[in-house]
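Chemist: For the protein sequence lines, the chains are A and B, in the order given. Position 148, counted from 1, in the first sequence is what the numbering used here calls 243; the numbers after and before it change by one each time, with no gaps. Position 13, counted from 1, in the second sequence is what the numbering used here calls 30; the numbers after and before it change by one each time, with no gaps.
Mixed in with the good hints, there may be bad ones.
[Unchecked claim] Keeping only pairs whose Cα atoms sit at most 30 Å apart, straight-line, the calculated BS3-like set for lysine-lysine is:
#1 A:K172 - A:K323
#2 A:K458 - A:K201
#3 B:K150 - B:K52
#4 A:K283 - B:K110
#5 B:K166 - A:K250
#6 A:K481 - A:K323
#7 B:K150 - B:K166
#8 B:K180 - A:K250
#9 B:K110 - B:K166
#10 A:K113 - A:K277
#11 B:K52 - B:K166
#12 B:K180 - B:K158
#13 A:K113 - B:K110
#14 A:K250 - B:K91
#15 B:K91 - B:K52
[To be verified] Only part of the chain A face toward chain B is listed, based on derived beta-carbon distances under 8 Å:
#16 L99
#17 P225
#18 F226
#19 V228
#20 L230
#21 A232
#22 A239
#23 E244
#24 M289
#25 W292
#26 P337
Keep in mind that the hints were calculated from the coordinates and are not lab data. Ideal Cβ placement from N, Cα and C applies to all residues, glycine included.
Letter by letter, the chains look like this.
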Amino acid sequence: MAQLAAVIGTGQTRYKTKRGDVSIAGLLREAAVNALEDAGLGFEDIDAVVIGKAPDMFEGVVMPECYLADALGANGKPMLRVHTAGSVGGSTALVAASHVQSGTFKRVLTVTYEKQSESNAMWALSTPQPFAVHLNAGAGGYFAPIIREYMRRSKAPWDVGIKVAVKDRLHGARNPLAHLHKPDITMKEVEESMMLWDPLRLLEACPSSDGACAMVIAAEDAVDSSAKPPAWIRGGAMRSEPTMYAGREEVNPRAGRDCAADVYAQAGIRDPRRDLDVAEIYVPFSWYEPMWLENLGFAEEGQGWRLTMEGATSLDEGGDIPWNPSGGVLSSNPIGASGMIRFAEAARQVRGDAGAHQVEGAKLAMGHAYGGGAQFFSMWIVGADKP
Amino acid sequence: MSEAREPVTGIEAPVYLQYQFTAGRAPSRFLSALKQGRLTGQRCPGCSQVYIPPRGACPACGIATEEEVTLSNKATVQSFTIVYIPIPGNPIKPPYIVANLVPDGANISFIHLLSECVNEEVHIGQRVQAVWKPEAEWDYKMDNIIYYKPLDEPDVPVELIGKLGVDGREVQP
Ligand SMILES: [Zn+2]
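Given the sequences, and given the hints that come with them, work out the whole structure.
Modeler: See below:
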């Protein structure tokens, strides 16, 4: 039986197109120091460090796992890097949590980042491949046809994605750390933004951000250093599947459904929409909100878009299950950190620490990340109450 | 030391990457067939699904594939996107259509360009056909097919996309 673990500190940087004022090490250190401060700890209190980052063009040049050890106070301690494409922020958090849940370590620092201004991750994923034509037009080009198929199957109105784009930017306007601040954004503005990968417009896609996110995860007998209450980890799960196989369900991937079923069972959740108070879900392209609403069981298959259109996921419309009150990936996307931001924001919600984007009285929250060709999933449930 | 100097904000340090791709048995047969103007796939002995490009194993069953299958030049649009931004290192001018296509006889899609079409009229289930380069230019590349173009054939019902035999008819179990 795994031991109890909790998030006792979260730290983030301000997300921007270019953080020219800090190096990569400086960026991570900023998030790490913020998390330690939040936890009431110093680097000397940490037993192990787990970092994560998405791949980019300079993968073999930067080698962050080699050169960040000193900046993250990991000299003389175990340090580990996790690698699961865009979902890495989530899986890094789960690896860090398992270091504590296994009883091996008492306090683990985990940090993830991306400095997109110095790496260009989008086109690193678009290099020519042998035995295929060179038509890879970034992640949006990959996901747009899958979205088109969802629209066909669900017969959703054409502007559901636009609604998500507006909703998440209005949420982001409440979050001082968010990259995009668009308090006056309208459906019309999104509709008129440039079409990039039909049916996806510019404002229906995530920005490219620099930023880092960190957390301190502690064992049951080590949660008292922080002035804030701990966010108890009530369940954590990861699943993967091949990028391509004949008959693969790409709109509603099986790995996502299985991962959700696993994490819900651990946390005793039977109906996620009813049982959860808030969710931070990885939505880098607008239409992934209704698609994941279905994949994660918040709505029946083909019905996810109704929740979005009814305002069920909107803080501003008083929805019953707010999704991405922080503004989500659509408001800030330092890729490697984006999954961990979801996990950390879920923790902030149940600690009552989310400021202007706090969901009133949130007790149980979900963090979610996906990556690769929607083939890696990582999820956790955190709660205010000790299980 | 009185001169004020411009701060160094960055220096250029180019990296060049040219690599040798080790094709392996299945892709090597696939590439050789392409050089002869043929699209080929491999059938999984477990689930009978035909893969293109063949990688020598079925990712669903986790077993090796051996049986080679010649595929049709005709294909069906499984889905697509109209792209409005250029691709670095590719001279193609936007907007252009990148389609997920399943060739008749295969059970999985690959992406290729769709051209000679009205972008707004492209749709899921549409029938298309490969347009090959002149034979003299064939190489070990998918680029031997310049693009796919619409075919005057009835649409394939969605539930049958990815399930047609090499003759373009539904495979009877
Ligand atoms: Zn198989």
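Chemist: For every hint, state whether the structure bears it out.
Modeler: Hint-by-hint comparison with the structure:
1. A distance of roughly 27 Å separates the Cα atoms of K172 of chain A and K323 of chain A; the hinted pair therefore holds under the 30 Å criterion.
2. Between the alpha carbons of K458 of chain A and K201 of chain A the distance comes to roughly 24 Å, so the proposed pair stays at or under 30 Å and holds.
3. Restraint check for K150 of chain B and K52 of chain B: the C-alpha separation of about 11 Å stays at or below 30 Å, so the hint holds.
4. A threshold of 30 Å between alpha carbons decides the hint, and for K283 of chain A with K110 of chain B the separation of about 28 Å falls inside it, so the pair holds.
5. Between K166 of chain B and K250 of chain A the CA atoms are separated by roughly 27 Å; this keeps the pair inside 30 Å, and the hint holds.
6. Note on K481 of chain A and K323 of chain A: the hinted pairing holds, with a Cα-Cα distance of about 14 Å set against a maximum of 30 Å.
7. For the suggested pair K150 of chain B and K166 of chain B, the alpha carbons sit about 13 Å apart, so the restraint of at most 30 Å is met.
8. Among the hinted pairs, K180 of chain B with K250 of chain A is consistent with the structure: their alpha-carbon atoms are about 23 Å apart, no more than 30 Å.
9. Note on K110 of chain B and K166 of chain B: the hinted pairing holds, with a Cα-Cα distance of about 17 Å set against a maximum of 30 Å.
10. Of the pairs offered as hints, the one joining K113 of chain A and K277 of chain A holds, with about 18 Å between alpha carbons and a cut-off of 30 Å not exceeded.
11. Proposed proximity of K52 of chain B and K166 of chain B is supported: the alpha carbons are some 21 Å apart, at most 30 Å.
12. As the CA atoms of K180 of chain B and K158 of chain B are separated by approximately 25 Å, the hinted pair is consistent with the 30 Å bound.
13. Proximity of K113 of chain A to K110 of chain B is assessed by CA-CA distance (about 29 Å); at most 30 Å being required, the pair is judged to hold.
14. Taken as a hint, the K250 of chain A and K91 of chain B pair is honoured in the structure, with Cα atoms around 28 Å apart against an allowance of 30 Å.
15. Under the criterion of a C-alpha separation no larger than 30 Å, the hint pairing K91 of chain B with K52 of chain B is consistent with the structure, at around 18 Å.
16. About 37 Å separates the beta-carbon of L99 of chain A from the nearest beta-carbon of chain B, more than 8 Å, and the hint is not met.
17. Taken as an interface hint, P225 of chain A checks out: its beta carbon lies about 4 Å from the nearest beta carbon of chain B, inside 8 Å.
18. Taken as an interface hint, F226 of chain A checks out: its beta carbon lies about 5 Å from the nearest beta carbon of chain B, inside 8 Å.
19. Taking 8 Å as the C-beta cut-off, the interface hint given for V228 of chain A holds, the closest approach to chain B being about 5 Å.
20. For L230 of chain A, the interface hint holds, since its Cβ comes within 8 Å of a Cβ in chain B; the closest pair sits about 5 Å apart.
21. Because the beta carbon of A232 of chain A sits about 5 Å from the nearest beta carbon in chain B, less than 8 Å, this interface hint is met.
22. Hint status for A239 of chain A relative to chain B: holds, with the closest Cβ pair at about 4 Å, below 8 Å.
23. Restraint check, E244 of chain A versus chain B: the minimum CB separation of about 5 Å is within 8 Å; hint holds.
24. Contact between M289 of chain A and chain B, as hinted, is supported at the beta carbon level, the nearest pair being about 7 Å apart and thus within 8 Å.
25. The interface hint given for W292 of chain A is met, as the beta carbon of that residue sits about 5 Å from the closest beta carbon of chain B, less than 8 Å.
26. With its C-beta approaching chain B no nearer than about 4 Å, P337 of chain A sits inside the 8 Å limit, and its interface hint holds.
The structure does not agree with numbered hint 16 stated previously, though it agrees with all others.
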